[in-house]
Every structure is written in C-alpha cells, then in structure tokens.
Amino acid sequence: GAGVSQSPRYKVAKRGQDVALRCDPISGHVSLFWYQQALGQGPEFLTYFQNEAQLDKSGLPSDRFFAERPEGSVSTLKIQRTQQEDSAVYLCASSVYPGPKNIQYFGAGTRLSVL
Amino acid sequence: TQLLEQSPQFLSIQEGENLTVYCNSSSVFSSLQWYRQEPGEGPVLLVTVVTGGEVKKLKRLTFQFGDARKDSSLHITAAQTGDTGLYLCAGPMNYGGSQGNLIFGKGTKLSVKP
Chain A
1 GAGVSQSPRY KVAKRGQDVA LRCDPISGHV SLFWYQQALG QGPEFLTYFQ
51 NEAQLDKSGL PSDRFFAERP EGSVSTLKIQ RTQQEDSAVY LCASSVYPGP
101 KNIQYFGAGT RLSVL
Chain B
1001 TQLLEQSPQF LSIQEGENLT VYCNSSSVFS SLQWYRQEPG EGPVLLVTVV
1051 TGGEVKKLKR LTFQFGDARK DSSLHITAAQ TGDTGLYLCA GPMNYGGSQG
1101 NLIFGKGTKL SVKP
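For the protein sequence lines, the chains are A and B, in the order given. Residue numbering for the first sequence is 1 to 115, as defined by my numbering. Residue numbering for the second sequence is 1001 to 1114, as defined by my numbering.
So here's chain A without its partners, still in its complex pose:
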C-alpha cells in the first residue's frame, strides 16, 4: 500500500481480555516501531524491529505486552489481560532503514479502550 496501515482502527475490550493490533508497514521498509500515545500526551516508544528481529523492547510497559514481526513485514502487538491503563492510541511507524536520518511514516493508529 501507499502508507502504513493499522487495524482495527478502534478496539473496545473488557478488562482482562487479550487483544491483537496489526500493522502493515510500507513495503520494503526495514525498520518498524510501535509507540503508545495516551490521551493528551505525545507518543512514547514501545519497541523496535529491524526486519524480523526485535532489537529493542525497552519501552514495553509490562510482560503483558508482546510484539512480533515474523516475516519482516507485518507486525502484531499483543496485549494480554488488558487493564484500564492500557487505554491509548497505539501507533506504528516504519522507515526505509534504521537511524534518525530516515523519515518515520506513521499509521493512523489503533484506539484501544479498555472498559
């Protein structure tokens, strides 16, 4: 596709449910990032993939959060046993190559609401 695509756009979950959020990056982009954006805040880094390798997961807030990119393209962010504090917009971004000189293109995000 022309841009980064995320699905679903909106997800409502009951507390304790597991959710899976999908990101389709721009074709051929090596780097893929996940960010979490709480209401009224800027995005916060969660995790980074270079191709299929998860090189940095330092931003994941707890072991309930898990991400994968098994074939180096589509990525899934999974949250187990969701809590109310997980409510946020989850943004995915991709760039052609690693490094701050490469533009990150963001998807529209998935808005997760945990009731």
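Certain hints may be false.
[To be verified] Quick list of the computed label-pair ranges, beta carbon to beta carbon:
id: 1; chain 1: B; residue 1: Val1044; chain 2: A; residue 2: Gly28; range: 17 to 23 Å
id: 2; chain 1: A; residue 1: Ser113; chain 2: B; residue 2: Gln1080; range: 31 to 37 Å
id: 3; chain 1: A; residue 1: Arg81; chain 2: B; residue 2: Ala1078; range: 25 to 31 Å
[What the hints assert, rightly or not] Pulled a few chain B residues facing chain A out of the computed Cβ check, cut under 10 Å:
id: 4; residue: Gln1014
id: 5; residue: Lys1057
id: 6; residue: Phe1104
Simulated from the structure, these hints should not be mistaken for laboratory data. None of the values given here were measured: they were computed from a predicted structure. Built from N, CA and C at the ideal position, the CB exists for glycine as well.
With chain A's structure known, arrange chain B on it following the hints.
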C-alpha cells in the same frame, strides 16, 4: 533522562494572527523534528533541523534549532484554519538513537478560529 518540554500546551487564536510554540530540553539532541498530528491520524513530519542555529522555512512556517541544540521553536505567520492540529517535537533517543527511536514532547494543541 531525556525530556522534551513543549509550551504552550494549548493555543487558541484567530485566523491571521502569528504564533510561536517552543520545545525545550536540558539535553543536547543531534537533531529535532516537528510533526503535525490531526485527530484520528498519525503524526506527519514537517521538518528536521540538524545544525545548531539552523533556520528552515516551510511556506508560512519557520523552524529554528537553538545554537546549543537543546531547544527549537516553530513560528507560524498569518495562521489559517487549516493549521489547526497537534504540533509535536521529537528527537532521537540517546539509547537506541542509532535505530531511530524517537522521544516526543507532549505537544501543543493549536486551534485557529475563522
């Protein structure tokens, strides 16, 4: 800990007015970026400033990087309703910066009224 502080947090102005928003840090950044985010969308990159003292212009938007590379400003001349949005500054994290991980400020929510 790297932090980017943006001010003001909210700004409501009339069309045609000028405005400046600020992004400050106690840390040195190799570069800073400005993004604009509209409701329901992801951030879109406006500009990257790299050299201390650098000034970049994008139509009515003027971006400046501080000499010490710790701060930046965005000035909009003759604001239009289409400028409404959340303006975010961001810079590469020291840890993981070679990967491109970004740290963001909390943003300035700009509303331009007709």
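Comparing the hints with the structure gives:
For the pair Val1044 (chain B) and Gly28 (chain A), the beta carbons lie near 20 Å from each other, so the given range of 17 to 23 Å is met. The hinted range of 31 to 37 Å is satisfied by Ser113 (chain A) and Gln1080 (chain B), whose Cβ atoms lie roughly 33 Å apart. Restraint check, Arg81 (chain A) to Ala1078 (chain B): a C-beta distance of roughly 51 Å breaks the suggested window 25 to 31 Å. A hinted interface residue such as Gln1014 (chain B) counts as satisfied when its beta carbon comes closer than 10 Å to some beta carbon of chain A; here the least separation is about 24 Å, so the hint is violated.
The closest approach between the C-beta of Lys1057 (chain B) and any C-beta of chain A is roughly 19 Å, which is over the 10 Å cut-off, so the hint fails. For Phe1104 (chain B), the shortest C-beta to C-beta distance to chain A is roughly 3 Å, which falls under 10 Å, so the interface hint holds.
The earlier numbered hints that this structure contradicts are 3, 4, 5.
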